[in-house]
Amino acid sequence: MAIGKVCGVEIATGGGAAVRVGEPVLTIVMPSETVGSQTTTSDAVQKLFIYDVSTTTFDDKTTEINEDTAGDVPLMPAAIGEQDYSCWGYASPFDGINVNMATAGAGSYYGTPEYWDGAAWSGLTAIANSVNAGSSPIWNFTGWGQYLFVRPTGWATLDINGTTTYWIRFRQSGTTSESMTTRPLATRGYILTLS
Numbered sequence: 001m002a003i004g005k006v007c008g009v010e011i012a013t014g015g016g017a018a019v020r021v022g023e024p025v026l027t028i029v030m031p032s033e034t035v036g037s038q039t040t041t042s043d044a045v046q047k048l049f050i051y052d053v054s055t056t057t058f059d060d061k062t063t064e065i066n067e068d069t070a071g072d073v074p075l076m077p078a079a080i081g082e083q084d085y086s087c088w089g090y091a092s093p094f095d096g097i098n099v100n101m102a103t104a105g106a107g108s109y110y111g112t113p114e115y116w117d118g119a120a121w122s123g124l125t126a127i128a129n130s131v132n133a134g135s136s137p138i139w140n141f142t143g144w145g146q147y148l149f150v151r152p153t154g155w156a157t158l159d160i161n162g163t164t165t166y167w168i169r170f171r172q173s174g175t176t177s178e179s180m181t182t183r184p185l186a187t188r189g190y191i192l193t194l195s
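Residue numbers for the sequence shown follow the numbering used here, beginning at 1 and rising by one.
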């Protein structure tokens, strides 16, 4: 078991899981793994849309996020705009995402994590956040990153671009003066469920 630091927190690692010294925490988890008393299972992303507010269009990247072509999934539109977002869908409530980034995003833009509560988009509460959600810039890493959240009560399905499912989204929520100097490009992603 090796000792190291992640985001300034001392950890011990072993068997693919990471634990804070004296306290278990979840980190990057792949297809199926037991962490503490919970099993984390990865599954294909049912739907991934990238929404561009300037053109009011959805770019469907579902096929690309579920295969291993390096860097073929832009997680933000080419020209960042306030209210642009990526939305990740799955047929049943889930607990997070894993994403493998080929190109780290750079610039000054945010990705606020949200879910649909049946009437409006509401904020998610993070359990693990190595994708920099809610900070600037989101998707600012290469390799695997994870966003795990407290599964919300009252999470409802929503029809987005003809697909009705459970959604989370990472919405560009800063000011219009924000910019993206490097577009974040992913290779692969998974939906995570805990049991």
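Derived from the structure by calculation, the hints contain no laboratory data. If you're wondering where the values come from, they're calculated on a predicted model, not measured in any experiment. Built from N, CA and C at the ideal position, the CB exists for glycine as well. Be aware that one or more of the hints could be misleading.
[Unchecked claim] Pair ranges (Cβ atoms, derived):
{"#": "1", "residue 1": "Gly-154", "residue 2": "Ala-70", "range": "31 to 41 Å"}
{"#": "2", "residue 1": "Gly-154", "residue 2": "Ala-79", "range": "15 to 25 Å"}
{"#": "3", "residue 1": "Asn-161", "residue 2": "Ala-44", "range": "31 to 41 Å"}
{"#": "4", "residue 1": "Ser-179", "residue 2": "Asp-43", "range": "15 to 25 Å"}
{"#": "5", "residue 1": "Val-150", "residue 2": "Thr-55", "range": "28 to 38 Å"}
{"#": "6", "residue 1": "Thr-157", "residue 2": "Thr-63", "range": "35 to 45 Å"}
{"#": "7", "residue 1": "Gly-154", "residue 2": "Asp-72", "range": "18 to 28 Å"}
I'd like to know which numbered hints this structure contradicts. Please list them from smallest to largest. 2, 3, 4, 6 and 7
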